[in-house]
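Line by line, the protein sequences give chains A and B.
Here this note's numbering is used: the first residue of the first sequence is 3, the next is one more, and so on.
Here this note's numbering is used: the first residue of the second sequence is 184, the next is one more, and so on.
These aren't lab readings, by the way, just hints derived from the structure by calculation.
Cβ coordinates follow ideal geometry from the N, Cα and C atoms, glycine included.
Keep in mind that the hints are not guaranteed to be accurate.
If the Cβ cut is set under 8 Å, some of the chain A residues that face chain B in the computed set are [what the hints assert, rightly or not]:
1. P23
2. I52
3. T90
4. T132
5. P135
6. I416
7. P417
8. V419
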Amino acid sequence: MWYALVDCNNFYASCEKVCNPALWKRPVVVLSNNDGNVIARCALAKALGIAMGAPFHQCKEIIARHNVAVFSSNYALYGDMSRRVMETLATCAPYVEVYSIDEAFLLCDIPLAEATDYALQVKRRVMQWTGIPVSISMGATKTLAKLANHIAKKRTENGVFILAGDSYCQSLLETIDIAEIWGIGSRYARMLRQHDICNVWQLIHADDSFIKKTMTVVGLRTVYELRGIPCIQWEDAPPPKKAIVSSRSFGSPVTEHAQLKEAAAHYSAIAASKLRRQQGATGAVTVFVSTNPFKDEPQYSSSATVVLDMHSAYTPDIIAAAHTALCSIYRQGYRYKKVGIMLTDIVPSQELSPTLFTCMINYEKRYRLMQALDSVNRQHGRGTVYFASEGVVRPWSMRRRYLSPRYTTHWDEIPIVT
Amino acid sequence: MPIQLIVYQLLPLKAPLYLMAIKAGFPSPADDYVEKTLDLHEHLIRHPAATFFVRVSGDSMAPLITHGDILVVDRALTPHSGSIVIAAVNGELTVKRLMEQHGSSMLVADNDAYQPIALTPEVDCTLWGVVVHVIRTVA
Chain A
3 MWYALVDCNN FYASCEKVCN PALWKRPVVV LSNNDGNVIA RCALAKALGI AMGAPFHQCK
63 EIIARHNVAV FSSNYALYGD MSRRVMETLA TCAPYVEVYS IDEAFLLCDI PLAEATDYAL
123 QVKRRVMQWT GIPVSISMGA TKTLAKLANH IAKKRTENGV FILAGDSYCQ SLLETIDIAE
183 IWGIGSRYAR MLRQHDICNV WQLIHADDSF IKKTMTVVGL RTVYELRGIP CIQWEDAPPP
243 KKAIVSSRSF GSPVTEHAQL KEAAAHYSAI AASKLRRQQG ATGAVTVFVS TNPFKDEPQY
303 SSSATVVLDM HSAYTPDIIA AAHTALCSIY RQGYRYKKVG IMLTDIVPSQ ELSPTLFTCM
363 INYEKRYRLM QALDSVNRQH GRGTVYFASE GVVRPWSMRR RYLSPRYTTH WDEIPIVT
Chain B
184 MPIQLIVYQL LPLKAPLYLM AIKAGFPSPA DDYVEKTLDL HEHLIRHPAA TFFVRVSGDS
244 MAPLITHGDI LVVDRALTPH SGSIVIAAVN GELTVKRLME QHGSSMLVAD NDAYQPIALT
304 PEVDCTLWGV VVHVIRTVA
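Model the full assembly from the supplied sequences, consistent with the hints where possible.
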């Protein structure tokens with residue numbers, strides 16, 4: 003058995019290119035929420051020296067000079083392209099573990115001699131089906147596959163690297179710094195260097211009792227994984243989230259209570275729909291607000307939690323709780339930069355049992371209403387149907403000046419062919 | 184021309200509509216015979232991960248494909264000579280018929296008013312997907 007890590011190259015920038023061939027030979031960058039910083043760069047943009055995380059306003063000159071295409075982050079598009087990549091991978095291997103929006107582990111049962119061919123086939127299929135380029139690395143454990151990914155990206159032409167057999171050797175492992183190892187943070191890396199353990203080969207041959215003493219059993223597990231002994235569990239489906247957060251910074255600062263209430267209602271509605279998607283119900287709604295800490299002006303931030311009488315996934319319940327919480331923390335005279343909602347105490351909705359006090363409520367009617375709402379918004383795009391308390395004009399909404407079409411999730415925005 | 188009537192519903196069937204399932208008594212003998220309604224998605228889409236929808240602008244493939252049609256494009260299929268394909272030519276997506284003859288390939292418009300595009304190494308062209316269905320609203 004081999005573990006393969008499939009990692010999408012420059013994922014957000016690649017997504018922008020798939021349906022827009024005019025970008026294939028142009029440098030592309032994607033900006034963070036509110037168009038603040040560069041969060042993804044295609045290979046051409048990297049070659050221009052645009053740094054990851056660079057503030058957008060500092061790159062304007064180089065962007066103009068090299069005709070760089072700039073995009074606001076389009077999460078509708080990235081989410082759908084991610085689903086396509088993961089579904090394609092599911093046709094290539096018996097087990098797929100989605101690790102992040104652009105990474106997945108595969109478990110593959112093939113002889114080592116065929117590993118490279120297999121990886122190239124998977125890479126070709128993902129490219130053909132979805133248009134997304136990927137790197138693939140393999141090893142006997144997840145930690146080795148993750149380590150091999152570093153080599154696949156930095157040191158190979160074809161983006162495929164198998165860290166096993168002949169390549170699993172002193173001359174290669176000596177060249178990889180311990181900081182590249184999955185699960186070794188900067189604190190442990192510093193400590194290990196003080197003990198003259200600087201590269202992967204040295205760590206593999208470190209003394210077990212020393213590792214256990216200094217890095218606990220978790221660190222020892224990482225070392226075992228580096229030696230090729232699988233210790234990290236396979237997670238078929240990520241466990242349901244224990245907390246759901248929905249929050250954004252405002253495009254421009256907000257001072258009015260009424261506008262904050264609209265924004266709180268809007269993020270409550272988004273969080274509630276996420277909650278229903280994982281078939282959960284929440285017992286506590288937290289609201290947090292803050293001013294902009296980077297501005298030289300009066301600062302305030304606070305949060306409040308409302309515990310619900312009973313668990314709920316009903317949007318009006320959650321909006322009402324959020325408004326109660328907001329009222330208790332709102333202070334006049336501040337320029338707010340951010341409001342957010344957090345749902346905690348999440349339980350599976352089927353585990354709820356009716357009580358003496360709740361049997362008065364017509365659950366079925368509420369449930370059908372939420373189902374209708376989610377289904378319309380899923381079919382016709384988020385925000386087709388919304389609560390009036392979320393506001394209509396939304397002067398507080400975030401800045402997304404360079405948003406590309408939602409090519410794959412909105413009928414009005416699908417690509418045009420001539 | 185024979186007309187086949189297909190009854191379909193646009194919203195794919197989702198989970199049952201009850202919040203709390205009640206399990207009691209004997210299962211209904213009719214359960215085995217419950218037919219689900221037809222899902223058009225299932226009929227039109229073979230490879231969901233690889234299928235994209237695009238909208239047609241212009242009449243280069245008339246009369247088969249006309250302005251405003253929605254095309255179902257499957258990127259998992261390999262085009263052969265005669266396939267209707269989406270190709271990226273000079274930075275734009277275009278729908279044409281792929282024709283292969285004597286080892287050379289061309290993109291040909293069904294509408295005679297358009298010139299074929301010979302696929303030579305100098306031409307900036309990449310095949311993007313294979314058109315499998317045309318969706319046209321007629322009423």
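Hint check:
no.: 1; hint: P23; in the structure: 4 Å, holds
no.: 2; hint: I52; in the structure: 22 Å, violated
no.: 3; hint: T90; in the structure: 5 Å, holds
no.: 4; hint: T132; in the structure: 7 Å, holds
no.: 5; hint: P135; in the structure: 13 Å, violated
no.: 6; hint: I416; in the structure: 5 Å, holds
no.: 7; hint: P417; in the structure: 5 Å, holds
no.: 8; hint: V419; in the structure: 4 Å, holds
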